[in-house]
Amino acid sequence: MEILVCVKRVPDTAENEIEVNKDGSDIERDDLVYSINEWDNYAVEEAIQIRDKVGGSVTVVSVGGEEAEEIIRREMAMGADKGVHLSDQAFEESDGKGLVRILQAAIEKGSYDLILTGVQADDGAGQVGGMLAAMLDWPFASLVNHIEVINDRTIKVGREIAAGNQEMNEIDLPCVLSIQTGINEPRYVGIRGIRKVASVEIPVFGASDIGLSPDLVGKSGATISRVDYFVPDLGEGAEILEGDTGEILEKLIEILQSKGGIK
Amino acid sequence: MALQIFSYILHKGGGVDDSALELVTAAHEIDPDASVTALVIGSGTDLYSVCNEVAPSYQNVWKIDNRDLSYANGEVIRGLLPRILPKGSIVLVPHEHFGMDLAPGLSVKLDTAYLPDAVSFEGIEDGKLKAIREEYSGMVSTHVRCDISTGAVITVRAGAFKADESKGKTGEVVDKTTEALTGGLPGGARRFIEIVEAEVGDVDITKSESLVSVGRGIEDEDNIEIIHDLAEAMGADVSCSRPIVDAKWLEKSRQVGTSGQTVRPKVYMALGISGSFQHLGGIKGAPFMIAINKNVKAPIFQVSDIGVVADILDFVPELTDKIKEMKG
Ligand SMILES: Cc1cc2nc3c(=O)[nH]c(=O)nc-3n(C[C@H](O)[C@H](O)[C@H](O)COP(=O)(O)OP(=O)(O)OC[C@H]3O[C@@H](n4cnc5c(N)ncnc54)[C@H](O)[C@@H]3O)c2cc1C
Ligand SMILES: Nc1ncnc2c1ncn2[C@@H]1O[C@H](COP(=O)(O)O)[C@@H](O)[C@H]1O
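Same order as they appear, the protein sequences are chains A and B. Counting with my numbering, you get residues -19 to 243 for the letters of the first sequence. Counting with my numbering, you get residues 3 to 330 for the letters of the second sequence.
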């Protein structure tokens, strides 16, 4: 099976406090630690496991500036066979649809049976997988937390729905799936793995390489644009307990007792 | 000119989801004069009661009623809606597991803009709708401008808009089944098989009066023990956020949130949990909330009654000792 996994480089929210910059035009990017989008890492692991079972290859693709190469390489160290880096000035400031047009153009240059995306990335949109499938006119399933290959035309997928329940579907290939966290346990990537792929050439393609008209993407192709970043004023919030640890502990226990939190 | 806005109605077993009335409010925040139509899709007597229930809140109700639609699969609905929706429509869909399945692709099929997970609207200017979204798990918000001149599909966050309880003139129910199904049932490349129910765990956190809930801030599996110790000292049960379940440090039945359990305790302690909307979506009944987090800016503090800014790895064992000491 030929599998393509879409991956994005994002600020690691577990490692950073995300703050708005002075004029609200962006988040504060100095000293940010970046990593692969959490969901995408699960998607790559799943692709590798499928390949190891039924054969074929795993390609990872990312749209982004020069820095995107770092996460493509990381996922190759994990076990992906190939990397594709889509990068062009014309791609900058694309909205979700623009981004999907870029991916679509690249996908139509290749030949894939299965495309995996993460459920969502840093801006919480959860849009790329579903839009990509519709543009390719392939079937789609979101929030996938289980995949079973039935044969070379059909797979069975579990979708996570409410209350921990799972919706099972059969879906024909080729298709697009958005992968939910927890579907597997992504393998650890050590220094040795990274070294092994350090000198692998990762091809970079721009708009003309994938036969994409630049005005369909970037700012000119966008129907959605971000005006600013801000921190909403949500009122008072919690009463923060102050004092030394001893005082805080005492107050907290008193409160817990009065609210019935200690039996 | 008043906009034509459609709301996708979620329902189950004949009962209407809370989002149905929230979408009325959202539609009127987009355009106070909008004509708002409920889209009700399903089958049989269930559908009949759903239509009756939403009709007083919507100007129109469009129903698609067919046995094959008794379990709505996103792939099928995505094929049906473009057959009945007028060009340039604005379609509102709840941002949850079904909406996330349906909506992005629907915007492509309708050739309209897609605006995901809106939490507020601030009017229309030059054909562009101004909306508020959140990024980075709610740590920052953004204003976005969405060109709605050729329509839009917009997903709306649950609970972000108040339910519109004002009932107006009862809307007319229009049967769109024939129009929608001309050409047959679409979406055959994805076939629904069954629902697999969640496994039942050893504790039922939905019945707990007091929960000690742990998140990614616990950092390591070995540290989970300090949470169990605290819960034991308090006489509380242990619950958690999703990453703890993903890492298999606790069983799925202890996960609080939209894709986990809905809990109604009296006291909820969030330890090293940031406060994403999917997590908070599982906490009902307005419990007394206490958050302990090392980041003073964590969104969880906005929704808690009491906050402690501390490293849980240090603070929690001290709290446990103190409670034990006090109990003697
Ligand atoms: C469709 C969908 C459904 C989802 N369903 C759910 C769901 O049902 N339940 C759920 O919980 N999530 C759900 N999520 C995931 C959700 O979006 C968040 O990713 C998740 O809730 C984050 O968990 P967290 O707060 O534990 O981790 P994080 O967001 O990483 O937060 C960790 C927090 O711990 C703090 N911290 C770190 N170290 C320490 C320390 N030593 N001491 C004190 N504080 C510390 C940090 O400041 C941070 O605030 C869902 C996501 C999607 C897309
Ligand atoms: N720049 C990008 N390059 C490649 N894939 C991306 C990019 N942005 C988003 N994706 C994919 O789309 C998924 C969902 O992201 P989003 O729709 O932006 O929330 C991610 O998990 C990735 O799989």
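Keep in mind that the hints were calculated from the coordinates and are not lab data. Please note that the accuracy of each hint is not assured.
What the hints assert, rightly or not - Subject to a maximum C-alpha distance of 30 angstroms in a straight line, what follows is the list of computed BS3-like cross-link-like pairs (lysine-lysine):
1. K89(B) / K209(B)
2. K296(B) / K286(B)
3. K136(A) / K250(B)
4. K296(B) / K254(B)
5. K199(A) / K132(B)
6. K199(A) / K89(B)
7. K243(A) / K89(B)
What the hints assert, rightly or not - Not the full set, but computed from the structure, chain A residues with beta-carbon under 8 angstroms of chain B:
8. E(-18)
9. E(-5)
10. R31
11. G104
12. V129
13. I130
14. S200
15. T203
16. I242
Note that CB positions come from ideal geometry on N, CA and C, so glycine has one too.
A quick look at each hint next to the structure:
1. At most 30 angstroms may separate the alpha-carbon atoms for a hinted pair to count; K89(B) and K209(B) exceed this at roughly 48 angstroms.
2. A distance of roughly 25 angstroms separates the Cα atoms of K296(B) and K286(B); the hinted pair therefore holds under the 30 angstroms criterion.
3. Between the alpha carbons of K136(A) and K250(B) the distance comes to roughly 23 angstroms, so the proposed pair stays at or under 30 angstroms and holds.
4. Proposed proximity of K296(B) and K254(B) is supported: the alpha carbons are some 26 angstroms apart, at most 30 angstroms.
5. As the CA atoms of K199(A) and K132(B) are separated by approximately 17 angstroms, the hinted pair is consistent with the 30 angstroms bound.
6. In summary, the hint linking K199(A) to K89(B) is supported, as the alpha carbons are separated by about 25 angstroms, within the 30 angstroms threshold.
7. A distance of roughly 60 angstroms separates the Cα atoms of K243(A) and K89(B); the hinted pair therefore is violated under the 30 angstroms criterion.
8. At its closest, the beta carbon of E(-18)(A) sits 18 angstroms from a beta carbon of chain B; the interface hint therefore is violated under the 8 angstroms criterion.
9. The criterion of a C-beta within 8 angstroms of any C-beta in chain B is not met by E(-5)(A), whose closest approach is roughly 11 angstroms, and the hint is violated.
10. Checking R31(A) against chain B by beta carbon gives a least distance of about 22 angstroms; that is not within 8 angstroms, so the hint is violated.
11. Restraint check, G104(A) versus chain B: the minimum CB separation of about 6 angstroms is within 8 angstroms; hint holds.
12. Residue-level restraint check for V129(A) is violated (minimum Cβ-Cβ distance to chain B is 15 angstroms; threshold 8 angstroms).
13. Because the smallest distance between the Cβ of I130(A) and any Cβ of chain B comes to about 11 angstroms, over 8 angstroms, the interface hint for this residue is violated.
14. Hint on S200(A) is violated. Least Cβ distance to chain B is approximately 12 angstroms, over the 8 angstroms limit.
15. Interface hint at T203(A): satisfied, since its Cβ lies 4 angstroms from the closest Cβ of chain B, which is below the 8 angstroms cut-off.
16. With 8 angstroms as the threshold, the beta carbon of I242(A) comes within range of chain B, its nearest partner Cβ sitting at about 5 angstroms, so the hint holds.
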